[in-house]
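Chemist: Read off the chains here:
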Amino acid sequence: MTFVDYYKILGILNTATSKEIKTAYRKLAREYHPDLNPNDRDAKKNFQEINEANEVLSDPEKRKKYDQYAKDWQHADEFEKARQQQSSDSQRSGYSGGQSGADFSDFFESMFGGAASGSRGRQARYRGEDYTAEINLNLIDAFKTHKQTLSVNGKSIRITVPAGIENGQTIKIAGHGGPGINSGPNGDLYITFSIANHSKIKRLGNQLYTTVDLNLYTAILGGEITILTMDGQVKLKVKPETQNGSKVKLKGKGFPVYKREGEYGDLTVTYHLLIPANLTQKQKELFIKLSES
Amino acid sequence: METEYLIAVAEFCASHKIEISFIISLQRNGLIVIKTIHDAAFIDVEQLPQLEKFVRFYYELDINLEGIETITHLLNRINTLHDEIADLRNKLRFYE
Numbered sequence: 480m481t482f483v484d485y486y487k488i489l490g491i492l493n494t495a496t497s498k499e500i501k502t503a504y505r506k507l508a509r510e511y512h513p514d515l516n517p518n519d520r521d522a523k524k525n526f527q528e529i530n531e532a533n534e535v536l537s538d539p540e541k542r543k544k545y546d547q548y549a550k551d552w553q554h555a556d557e558f559e560k561a562r563q564q565q566s567s568d569s570q571r572s573g574y575s576g577g578q579s580g581a582d583f584s585d586f587f588e589s590m591f592g593g594a595a596s597g598s599r600g601r602q603a604r605y606r607g608e609d610y611t612a613e614i615n616l617n618l619i620d621a622f623k624t625h626k627q628t629l630s631v632n633g634k635s636i637r638i639t640v641p642a643g644i645e646n647g648q649t650i651k652i653a654g655h656g657g658p659g660i661n662s663g664p665n666g667d668l669y670i671t672f673s674i675a676n677h678s679k680i681k682r683l684g685n686q687l688y689t690t691v692d693l694n695l696y697t698a699i700l701g702g703e704i705t706i707l708t709m710d711g712q713v714k715l716k717v718k719p720e721t722q723n724g725s726k727v728k729l730k731g732k733g734f735p736v737y738k739r740e741g742e743y744g745d746l747t748v749t750y751h752l753l754i755p756a757n758l759t760q761k762q763k764e765l766f767i768k769l770s771e772s
Numbered sequence: 253m254e255t256e257y258l259i260a261v262a263e264f265c266a267s268h269k270i271e272i273s274f275i276i277s278l279q280r281n282g283l284i285v286i287k288t289i290h291d292a293a294f295i296d297v298e299q300l301p302q303l304e305k306f307v308r309f310y311y312e313l314d315i316n317l318e319g320i321e322t323i324t325h326l327l328n329r330i331n332t333l334h335d336e337i338a339d340l341r342n343k344l345r346f347y348e
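Chains as they are written, first to last, in my numbering: chain A, 480 to 772; chain B, 253 to 348.
Since the hints were made in silico from the structure, they are not lab data.
One should not assume that every hint holds.
[What the hints assert, rightly or not] With a Cα cut of at most 27 Å, we get these calculated DSS-like pairs of lysine-lysine:
1. B:Lys343 <-> A:Lys726
2. B:Lys287 <-> A:Lys523
3. A:Lys681 <-> A:Lys634
4. A:Lys726 <-> A:Lys679
5. B:Lys269 <-> A:Lys623
6. B:Lys343 <-> A:Lys732
7. B:Lys287 <-> A:Lys681
8. A:Lys728 <-> B:Lys287
9. A:Lys768 <-> A:Lys732
10. A:Lys679 <-> B:Lys287
11. A:Lys506 <-> B:Lys287
12. A:Lys626 <-> A:Lys541
13. A:Lys501 <-> B:Lys269
14. A:Lys730 <-> A:Lys679
15. A:Lys738 <-> B:Lys269
16. A:Lys651 <-> B:Lys287
17. B:Lys287 <-> A:Lys498
18. A:Lys730 <-> B:Lys343
19. B:Lys343 <-> A:Lys506
20. B:Lys269 <-> A:Lys541
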């Protein structure tokens, strides 16, 4: 266990008055509070340290105890003895900041127990910490509404992932965050989706795009080809004299529109003409005749 | 008909040990919406996380109403920018 210098964390001297402690704490809390730094893990960690330092130094009793142990820190045995004698308190107050309040250092837990006494008077009810999680999907997974089970803080949560979810999109699962403080409501769970696309089909919102190879003869004379879409193979009629790079739009063959059942974007197919290679002498002669006609 | 989930402002204030005048000030500054039913003030539960955030700003961080208003605008802008970044990343991925 490492000694934690609470004075250093708050940037104050060990002779600081309670007013100076409060000022230092508020200044740092305004900088690192999770409400002001959404999704910033470093800020959250810093804030927890600041909060812990304030929890100890703003309480005269705790501060006294801390100062004594800090002075005698070299005598680890004595500290251990004292630790065993200490009793843990039952409540804590202070910033919720969307925090569960359970994140104290080993040092703090050893000295004051896992919970701290309510030193601030305002024993308010706070909602619990908001949790964040990430789910990795393939494009094909995002194409259909499906159930997904994820583990958050040791709990299994089964969620429905609506078709058409976007890469980077975040959804909120209410009440599945950390437990509330003083019977406050639970926090929420925010899930961000990361969607990988390894297919030849590219997605832009609900619109899908793909390129298909077309042989010269089908391009000139027309015909029928089979192409792969998100929900299976589709036969496509190719008009005679189709040009390289020309596009056709398949209505309703795109990506599902998020939370609008039965609505789909379009699939745009771009033709890429393949010029025959390794021609035989006979074929070359036929092309020469064709070019002269 | 959709069910509305409302919390009495008086109950919220009692639970958080804060003054009702603070909630009224938030409403006056356009930061929350209060619904009045039979002369009693209520807030929609959807606003609860935001309201609790304002309580923390004001009572714990000592930020005044003007500060809360400014922070709220900036946080909203950050959220909008995050959404734009995600959108642009997806577009960029399309051309990669």
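Chemist: A:Lys626 and A:Lys541 were given as a pair; does the straight-line alpha-carbon distance stay at or below 27 Å?
Modeler: violated (49 Å)
Chemist: For the pair we were handed, A:Lys679 and B:Lys287, check the Cα-Cα distance against 27 Å.
Modeler: Outside the cut-off at roughly 52 Å; violated.
Chemist: Given the proposed pairing of B:Lys287 with A:Lys498, does the C-alpha separation stay at or below 27 Å?
Modeler: With a Cα-Cα distance of about 40 Å, the restraint between B:Lys287 and A:Lys498 is violated, given a limit of 27 Å.
Chemist: Holds or violated: A:Lys730 and B:Lys343, Cα atoms, limit 27 Å.
Modeler: holds (21 Å)
Chemist: Check whether the Cα positions of A:Lys738 and B:Lys269 lie no farther apart than 27 Å.
Modeler: violated (40 Å)
Chemist: Does B:Lys269 pair with A:Lys623 here, judged by a C-alpha cut-off of 27 Å?
Modeler: violated (47 Å)
Chemist: Would the hint linking A:Lys501 and B:Lys269 be met if the CA-CA limit is 27 Å?
Modeler: Since the Cα atoms of A:Lys501 and B:Lys269 sit roughly 20 Å apart, the hinted pair holds (cutoff 27 Å).
Chemist: Just to be careful, I want the Cα atoms of B:Lys287 and A:Lys523 compared with a cutoff of 27 Å; is the pair within it?
Modeler: Judged against 27 Å, a Cα distance of about 34 Å means the pair is violated.
Chemist: Given the proposed pairing of B:Lys269 with A:Lys541, does the C-alpha separation stay at or below 27 Å?
Modeler: Roughly 25 Å between the alpha carbons, so the hint for B:Lys269 and A:Lys541 holds.
Chemist: CA of A:Lys506 to CA of B:Lys287, is that 27 Å or under?
Modeler: Cα-Cα ~35 Å, so violated.
Chemist: For the pair we were handed, A:Lys651 and B:Lys287, check the Cα-Cα distance against 27 Å.
Modeler: holds (25 Å)
Chemist: Starting from B:Lys287, check that the Cα of A:Lys681 is at most 27 Å away, please.
Modeler: Not OK: B:Lys287 and A:Lys681 at ~47 Å, beyond 27 Å, violated.
Going down the numbered hints, you'll see the structure goes against 2, 3, 5, 7, 8, 9, 10, 11, 12, 15, 17 and 19, while the others check out.
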